[in-house]
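Just need the whole structure built from these sequences, with the hints factored in.
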Amino acid sequence: MTIIKVLILAMIGGLIGWFTNYLAIKLMFKPYREITIPLLNLKFQGLIPKRRGEIANTVASTIEKELLSSQDIVGQLFSEENKGKILGILKEKINRSISDKLPLVLSMFSSSISGFVDSLIEKEGEKILDEVMGKGLKDLIKISSVIEEKINSFPLETLENIISQIAKKELKYIEILGGVLGFVIGLIQGVIVIILI
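In this text, residue positions in the sequence shown follow this note's numbering: the first is 68, and each later residue adds one.
Everything labelled a hint here was simulated from the structure, so no lab data went into it. Note that the structure is predicted; figures quoted are calculated from it, not measured. Among these hints, one or two may not hold up.
Think about it this way: if two alpha-carbon atoms lie no more than 27 angstroms apart in a straight line, the pair counts; the simulated BS3-like pairs of lysine-lysine are [said to hold, decoys possible]:
| hint | residue 1 | residue 2 |
| --- | --- | --- |
| 1 | K150 | K194 |
| 2 | K209 | K152 |
| 3 | K217 | K235 |
| 4 | K152 | K93 |
| 5 | K235 | K117 |
| 6 | K190 | K150 |
| 7 | K158 | K190 |
| 8 | K194 | K158 |
| 9 | K93 | K236 |
| 10 | K132 | K239 |
| 11 | K158 | K168 |
| 12 | K235 | K150 |
| 13 | K132 | K150 |
| 14 | K239 | K93 |
| 15 | K117 | K93 |
| 16 | K239 | K117 |
| 17 | K117 | K217 |
| 18 | K190 | K168 |
| 19 | K117 | K97 |
| 20 | K235 | K97 |
| 21 | K236 | K97 |
| 22 | K117 | K236 |
| 23 | K194 | K97 |
| 24 | K190 | K160 |
| 25 | K190 | K132 |
| 26 | K194 | K209 |
Taking CB as the label site, the calculated pair distances span [as the list claims (entries may be wrong)]:
| hint | residue 1 | residue 2 | range |
| --- | --- | --- | --- |
| 27 | E193 | E224 | 47 to 53 angstroms |
| 28 | K110 | V247 | 30 to 36 angstroms |
| 29 | I252 | S220 | 42 to 48 angstroms |
| 30 | E101 | G151 | 52 to 58 angstroms |
Every residue, glycine too, gets a C-beta built ideally from N, C-alpha and C.
Here it is, written out as structure tokens:
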């Protein structure tokens, strides 16, 4: 009979431990909007919705500093391979504009003008691209701002689903661990009660 009482206390402790952790995980996300508990005048909102702006800012800053900086993007965009492609596109667009915009009278000079443009781009194009890069193009691209804006624009349900999918196993382990710890504490409590009675 005594063992049954100890087991009942352990099971109740396990259930309380599991439910407490389950509830704590749910309260990380909900309620989405701040609510007030009337008698206590206590305001409450889920952790993620309440600190969404800070979370978005921290994630965005970390990604930009540690994973993908604007300098990385500009460097990739203006890689040696891409510089040739960019210069080729420039030649094509400028020559097409010249032939489209040149008055009919001057059209006989279009091949010489095109040749001059091609030659100029061949000689000066890379230098110009390097100057564009050097003049702060990387400072104009703000990766962290874009990421922060995207995270802040997610509906809270979507953000909850993303975080839940990423940490699904870990959140489940936290629930189970709460049950196990509650069971152990209930068991210890039952043994103490038996010893004292």
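Status of each hint after checking the structure:
Of the pairs offered as hints, the one joining K150 and K194 holds, with about 10 angstroms between alpha carbons and a cut-off of 27 angstroms not exceeded. For the hint linking K209 to K152, the alpha-carbon distance of about 24 angstroms falls within 27 angstroms, and the restraint holds. Taking the CA atoms of K217 and K235, the gap is near 23 angstroms; set against the 27 angstroms cutoff, the hint holds. Restraint check: the Cα-Cα separation between K152 and K93 comes to about 52 angstroms, which exceeds 27 angstroms; the hinted pair is violated.
A distance of roughly 21 angstroms separates the Cα atoms of K235 and K117; the hinted pair therefore holds under the 27 angstroms criterion. The straight-line distance between the Cα atoms of K190 and K150 is roughly 13 angstroms, inside the 27 angstroms bound, and the hint therefore holds. Between K158 and K190, the direct Cα distance comes to roughly 12 angstroms. Compliance with the 27 angstroms bound is thereby established for this hinted pair. For the proposed pair K194 and K158, the alpha carbon gap of about 15 angstroms is at most 27 angstroms, so the pair holds.
Taking the CA atoms of K93 and K236, the gap is near 15 angstroms; set against the 27 angstroms cutoff, the hint holds. The suggested pairing of K132 with K239 is violated, with an alpha-carbon distance near 31 angstroms, which exceeds 27 angstroms. For a cut-off of 27 angstroms, the pair hint linking K158 to K168 stands: about 15 angstroms separates their Cα positions. Our distance criterion of 27 angstroms between C-alpha atoms is broken by K235 and K150, whose separation comes to about 44 angstroms.
At roughly 26 angstroms between alpha-carbon atoms, K132 and K150 fall within 27 angstroms of each other, so this suggested pair holds. Restraint check for K239 and K93: satisfied, since their Cα atoms lie roughly 12 angstroms apart, inside the 27 angstroms limit. For the proposed pair K117 and K93, the alpha carbon gap of about 14 angstroms is at most 27 angstroms, so the pair holds. Simply put, K239 and K117 have alpha-carbon atoms about 23 angstroms apart, close enough for the 27 angstroms limit, and the pair holds.
For a cut-off of 27 angstroms, the pair hint linking K117 to K217 stands: about 17 angstroms separates their Cα positions. Pair hint K190 plus K168 holds up; C-alpha atoms about 24 angstroms apart against a cutoff of 27 angstroms. A distance of roughly 10 angstroms separates the Cα atoms of K117 and K97; the hinted pair therefore holds under the 27 angstroms criterion. At roughly 17 angstroms between alpha-carbon atoms, K235 and K97 fall within 27 angstroms of each other, so this suggested pair holds.
Proposed proximity of K236 and K97 is supported: the alpha carbons are some 20 angstroms apart, at most 27 angstroms. At roughly 24 angstroms between alpha-carbon atoms, K117 and K236 fall within 27 angstroms of each other, so this suggested pair holds. Distance restraint check for K194 and K97: the Cα-Cα separation of roughly 55 angstroms exceeds the 27 angstroms cut-off, and the hinted pair is therefore not satisfied. Of the supplied pair hints, the one linking K190 and K160 holds, its CA atoms being roughly 17 angstroms apart against a limit of 27 angstroms.
Taking the CA atoms of K190 and K132, the gap is about 36 angstroms. The hint is violated against a cut of 27 angstroms. Note on K194 and K209: the hinted pairing holds, with a Cα-Cα distance of about 24 angstroms set against a maximum of 27 angstroms. Between E193 and E224, the C-beta spacing of about 49 angstroms keeps the proposed range 47 to 53 angstroms intact. Taken as a hint, the range 30 to 36 angstroms holds for the pair K110 and V247, whose Cβ atoms sit roughly 33 angstroms apart.
Between I252 and S220 the C-beta distance comes to about 43 angstroms, which sits within the given range of 42 to 48 angstroms. With their beta carbons about 56 angstroms apart, E101 and G151 fall inside the hinted range of 52 to 58 angstroms.
Of the numbered hints listed earlier, those contradicted by the structure are 4, 10, 12, 23 and 25.
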